[in-house]
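Colleague: These are the residues of each chain, in order.
2 protein chains.
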Amino acid sequence: MKPLSVGVAGLGTVGAGVVKLLRDNAELIAARAGRPIAVTAVSSRDRRRDRGVPVDGLRWYEDATALAADAGVDLVVETIGGSGGTARALVEAALAAGKPVVTANKALLALHGRALAALAEQRGVALAFEAAVAGGIPAIKAVREGLAANQIRRVAGILNGTCNYILTEMRTRGLQFAEVLHEAQKLGYAEADPSFDIDGVDAAHKLAILAALAFNRPVDFSELHVEGIRAVSAVDIAMADALGFRIKLLGIATRTEAGVSARVHPCMVPVASPIARVDGVFNAVVAEGDAVGRVMLEGRGAGAGPTASAVVADIIDIARGRVTPVWGAGAASLSAAPALPMERHRGAYYLRLMVVDRPGVIADVTAVLRDAAISMESMLQRGRAPGEAVPVVVTTHECEEAAMQRAITRLAALDSVLEPPALIRIETL
Amino acid sequence: MKPLSVGVAGLGTVGAGVVKLLRDNAELIAARAGRPIAVTAVSSRDRRRDRGVPVDGLRWYEDATALAADAGVDLVVETIGGSGGTARALVEAALAAGKPVVTANKALLALHGRALAALAEQRGVALAFEAAVAGGIPAIKAVREGLAANQIRRVAGILNGTCNYILTEMRTRGLQFAEVLHEAQKLGYAEADPSFDIDGVDAAHKLAILAALAFNRPVDFSELHVEGIRAVSAVDIAMADALGFRIKLLGIATRTEAGVSARVHPCMVPVASPIARVDGVFNAVVAEGDAVGRVMLEGRGAGAGPTASAVVADIIDIARGRVTPVWGAGAASLSAAPALPMERHRGAYYLRLMVVDRPGVIADVTAVLRDAAISMESMLQRGRAPGEAVPVVVTTHECEEAAMQRAITRLAALDSVLEPPALIRIETL
Chain A
3 MKPLSVGVAG LGTVGAGVVK LLRDNAELIA ARAGRPIAVT AVSSRDRRRD RGVPVDGLRW
63 YEDATALAAD AGVDLVVETI GGSGGTARAL VEAALAAGKP VVTANKALLA LHGRALAALA
123 EQRGVALAFE AAVAGGIPAI KAVREGLAAN QIRRVAGILN GTCNYILTEM RTRGLQFAEV
183 LHEAQKLGYA EADPSFDIDG VDAAHKLAIL AALAFNRPVD FSELHVEGIR AVSAVDIAMA
243 DALGFRIKLL GIATRTEAGV SARVHPCMVP VASPIARVDG VFNAVVAEGD AVGRVMLEGR
303 GAGAGPTASA VVADIIDIAR GRVTPVWGAG AASLSAAPAL PMERHRGAYY LRLMVVDRPG
363 VIADVTAVLR DAAISMESML QRGRAPGEAV PVVVTTHECE EAAMQRAITR LAALDSVLEP
423 PALIRIETL
Chain B
3 MKPLSVGVAG LGTVGAGVVK LLRDNAELIA ARAGRPIAVT AVSSRDRRRD RGVPVDGLRW
63 YEDATALAAD AGVDLVVETI GGSGGTARAL VEAALAAGKP VVTANKALLA LHGRALAALA
123 EQRGVALAFE AAVAGGIPAI KAVREGLAAN QIRRVAGILN GTCNYILTEM RTRGLQFAEV
183 LHEAQKLGYA EADPSFDIDG VDAAHKLAIL AALAFNRPVD FSELHVEGIR AVSAVDIAMA
243 DALGFRIKLL GIATRTEAGV SARVHPCMVP VASPIARVDG VFNAVVAEGD AVGRVMLEGR
303 GAGAGPTASA VVADIIDIAR GRVTPVWGAG AASLSAAPAL PMERHRGAYY LRLMVVDRPG
363 VIADVTAVLR DAAISMESML QRGRAPGEAV PVVVTTHECE EAAMQRAITR LAALDSVLEP
423 PALIRIETL
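Quick mapping for you: the protein sequence lines, in order, are chains A and B.
The working numbering applies: residue 3 is where the first sequence begins, and numbers increase by one.
The working numbering applies: residue 3 is where the second sequence begins, and numbers increase by one.
Check each hint, because a few of them may be wrong.
If chains are identical, the list can't say which one is meant, so a pair holds when it fits in one copy or spans any two.
What the hints assert, rightly or not - Dumping the calculated DMTMM-like pairs for lysine to aspartate or glutamate here, alpha-carbon to alpha-carbon at most 25 Å:
{"hint": "1", "residue 1": "LYS22", "residue 2": "GLU259"}
{"hint": "2", "residue 1": "LYS22", "residue 2": "ASP292"}
{"hint": "3", "residue 1": "LYS4", "residue 2": "ASP76"}
{"hint": "4", "residue 1": "LYS4", "residue 2": "ASP366"}
{"hint": "5", "residue 1": "LYS188", "residue 2": "ASP52"}
{"hint": "6", "residue 1": "LYS22", "residue 2": "ASP72"}
{"hint": "7", "residue 1": "LYS22", "residue 2": "GLU64"}
{"hint": "8", "residue 1": "LYS22", "residue 2": "ASP52"}
{"hint": "9", "residue 1": "LYS4", "residue 2": "ASP201"}
{"hint": "10", "residue 1": "LYS188", "residue 2": "ASP26"}
{"hint": "11", "residue 1": "LYS4", "residue 2": "GLU402"}
{"hint": "12", "residue 1": "LYS4", "residue 2": "GLU345"}
{"hint": "13", "residue 1": "LYS188", "residue 2": "GLU64"}
{"hint": "14", "residue 1": "LYS22", "residue 2": "ASP373"}
{"hint": "15", "residue 1": "LYS4", "residue 2": "GLU29"}
{"hint": "16", "residue 1": "LYS22", "residue 2": "GLU345"}
{"hint": "17", "residue 1": "LYS22", "residue 2": "GLU421"}
{"hint": "18", "residue 1": "LYS188", "residue 2": "ASP373"}
{"hint": "19", "residue 1": "LYS22", "residue 2": "ASP366"}
By construction, these hints were calculated from the structure, which means they are not laboratory data.
Produce the complete structure using the sequences and hints provided.
Modeller: Rendered as structure tokens:
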């Protein structure tokens, strides 16, 4: 059978990994795809750079969008990255030309997925993006196809390996955030400008995609509540341990009668919960369906191999004719459930206050919580240092985010409270 | 669009669960399938029994194979169970009639999958069986499609919830096997005749299927080495704890240059490995690919909801036209790699001997191991009881199964060894 001819745009780590994997496993991929798959064209700006894969004999384009116009290209792989610019122009051009697209680009999907899905549906071509969420873990396939019979109530996960690595190192080695970040940058686990990862933006892109699939409802990125891990301190990690929790940066999307909520922030999860034990650079995705119960998937969320594994799985699906609407259902069947704002969130909380160690402080703190109708579950003050700053930790029963935020404003205003209170939400998953 | 008309054969827990789920989530299933899916015919022997779902208005057949001949049925669901008889006759009749089949029947696939796959391919119709392995966990989809770009080196898992429940209860409550089994039978977690589960047969059926998918090679059931958990004692569970292991019944299939091996037996796995922490009735599947690394999926492996979730996911795939060859590649591309016999297995071992507590016994034991060229890693004798029976535990470095079996025969023949030695293989996963 005639090979499926693939054009790869972007020859960074992921793009080069895709070219290499398609060659290394060519025979088994052909068997599973039902036909050979061959890269025939590539696009990248600098032709001379060594990418670890030979590109001789391939048609070369400096302008990525030209790949879409190449009559010899059946399917376009986009591994340029970035939510706009060239990546977006290429994907639009390829879909408009009726060519299926496989992309690893979470930012593009999270920010422009609605329009791209409409274009793909209108042209009747596949737009696949397994690599955009949780690297090599087939999380998108599991949620969108494997659990398709379920009303999914919640989808959540550890979606950023850099954050999970930093939090794991902080815990196991008792270090502060800044120290571990610096080390991670030296090891190449964190970027020189780490804000995209550590401020939760990358995890939020992935959560927006997962939520859209789980609930058949495109999620606008502006609907998400996003916090990163900069404010998590070594004290919080130690306190979590003492309270039987682990701190994880989670993305959590929930569907109720009232609507859809999606949020990314540090969480305290019980040590015994399966996701608490997913450490280091590993990612995990948990989905809860009405029929299936809870399913968890874990594996490597980044790197050339895992990401290429997901991109090539999408190519094989398309070669076999296995196609799914972008958000799991056609445009006419998508849900228009409202987005719930973060103020409406209900949950339990961990609060850490740095207070002056003197009589009466705890009474002031508990009075503020009482006035906000927030019920305390536990209070912990470890160590004594009369007249100096000590941490006081409070955990609460379930209450509303809005009430908690009002209480925090009042707590921060107390004379005896020396720093802005630290808040971490408690989640059972 | 015209509904996809489904005939369900067998109205036990699973069949009734499928009918119920297709009704309960009809709207979202139609959105995801691209068309409504309606059960129009059922087959079961006893029409009067209450199954918790109304079956009024459905065409009723006492003879299941008649479903295949019903011109109004587009797709046949087989939930009768059993490796032969009615279930097999129905599946063959449906495929022969050019109708896609969805089944939850692991025994049927494990024992007759080769012939059924050939029939499905010849007729060009789908034969789907996600529910046959690990219940609601989309393990088959993950291995066959999600990791399709990978040379899979190993696939393994906790594939029987009854065994995992029994082993978990033995550990957490310090009970003997027989006590927990009895309790599990009362709770409905184990059958009145439990041998199918506790002797490893059910797990072996599932492993045969997973191995065939992972390696694109049908695995004859006779090629598997199968041991159950009857011989695991409370002493072994306690010793495992002391050595930093958990005992799990695992199915493990490996592909090397030399061939394919597939085995089901109790294993010692390090406490820190993710699969060690999958407890109770939960199942887990681990796959290791050359590009993706290790991926693990966990969830409920049985029950009406999870199993129906998997069956209906298959129906949705077929409605969407997403079809995959039974063993992941067409007959012409399947592998004919040889099966490796268990004697060729290499690994580390845990051995427990019940010996008379007297001087010289350890010297006899270690001499046998030395003569078999088996290298010891540790030796543990807890407690003293001069002249009485005490357990002595030995762990070894990697050696060949054949050498270990010869050593065990010699150890069993020693005067000071009072019971047949207990052997549990140590696995890192």
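Colleague: With reference to the structure, classify each hint as holding or not holding.
Modeller: Each hint tested on the structure:
1. When the C-alpha separation of LYS22 and GLU259 is checked against a cutoff of 25 Å, the pair qualifies only between copies, where the shortest distance is 22 Å, while the shortest distance within a copy is 47 Å.
2. For a Cα distance limit of 25 Å, the shortest separation of LYS22 from ASP292 across copies, 12 Å, qualifies, whereas the shortest one inside one copy, 41 Å, does not.
3. In the homo-oligomer, the alpha carbons of LYS4 and ASP76 lie at most 25 Å apart inside one protomer (11 Å), although the nearest pairing across protomers, at 32 Å, exceeds that limit.
4. Taking the shortest alpha-carbon separations for LYS4 and ASP366, neither the intra-copy value of 76 Å nor the inter-copy value of 67 Å comes in at or below 25 Å.
5. Taking the closest pair of Cα atoms, LYS188 and ASP52 come within 25 Å of each other only inside a single copy of the chain (23 Å); across copies the shortest separation is 66 Å, beyond that limit.
6. For a Cα distance limit of 25 Å, the shortest separation of LYS22 from ASP72 inside one copy, 22 Å, qualifies, whereas the shortest one across copies, 50 Å, does not.
7. Within a single copy, LYS22 and GLU64 get their C-alpha atoms as close as 20 Å, which meets the 25 Å cut-off; across copies the closest is 56 Å, which misses it.
8. Taking identical chains as interchangeable, the C-alpha atoms of LYS22 and ASP52 lie at most 25 Å apart only when both belong to the same chain, with a minimum of 13 Å there against 58 Å between chains.
9. For the identical chains of this complex, LYS4 and ASP201 are neighbours neither inside a copy (46 Å) nor across copies (48 Å), given an alpha-carbon limit of 25 Å.
10. For the identical chains of this complex, LYS188 and ASP26 are neighbours neither inside a copy (31 Å) nor across copies (53 Å), given an alpha-carbon limit of 25 Å.
11. In this assembly of identical chains, the alpha carbons of LYS4 and GLU402 never lie at most 25 Å apart, being 60 Å within a copy and 46 Å across copies at closest.
12. In the homo-oligomer, the alpha carbons of LYS4 and GLU345 never lie at most 25 Å apart, since the shortest distance is 56 Å inside one protomer and 44 Å across protomers.
13. In this assembly of identical chains, the alpha carbons of LYS188 and GLU64 never lie at most 25 Å apart, being 32 Å within a copy and 70 Å across copies at closest.
14. With identical chains, the CA atoms of LYS22 and ASP373 are never at most 25 Å apart, being 62 Å at best within one copy and 48 Å at best between copies.
15. For the identical chains of this complex, LYS4 and GLU29 are intra-copy neighbours only, at 14 Å inside a copy versus 40 Å across copies, given an alpha-carbon limit of 25 Å.
16. With identical chains, the CA atoms of LYS22 and GLU345 are never at most 25 Å apart, being 48 Å at best within one copy and 37 Å at best between copies.
17. Within a single copy, LYS22 and GLU421 get their C-alpha atoms no closer than 52 Å, and across copies no closer than 55 Å, so neither meets the 25 Å cut-off.
18. Proximity of LYS188 and ASP373 under a CA criterion of 25 Å is satisfied in neither setting, with 48 Å inside one chain copy and 51 Å between copies.
19. In this homomeric assembly, LYS22 and ASP366 never come within 25 Å of each other (Cα to Cα): the closest approach is 63 Å inside a single copy and 55 Å across copies.
The structure fails hints 4, 9, 10, 11, 12, 13, 14, 16, 17, 18, 19 (numbered hints given earlier, in ascending order).
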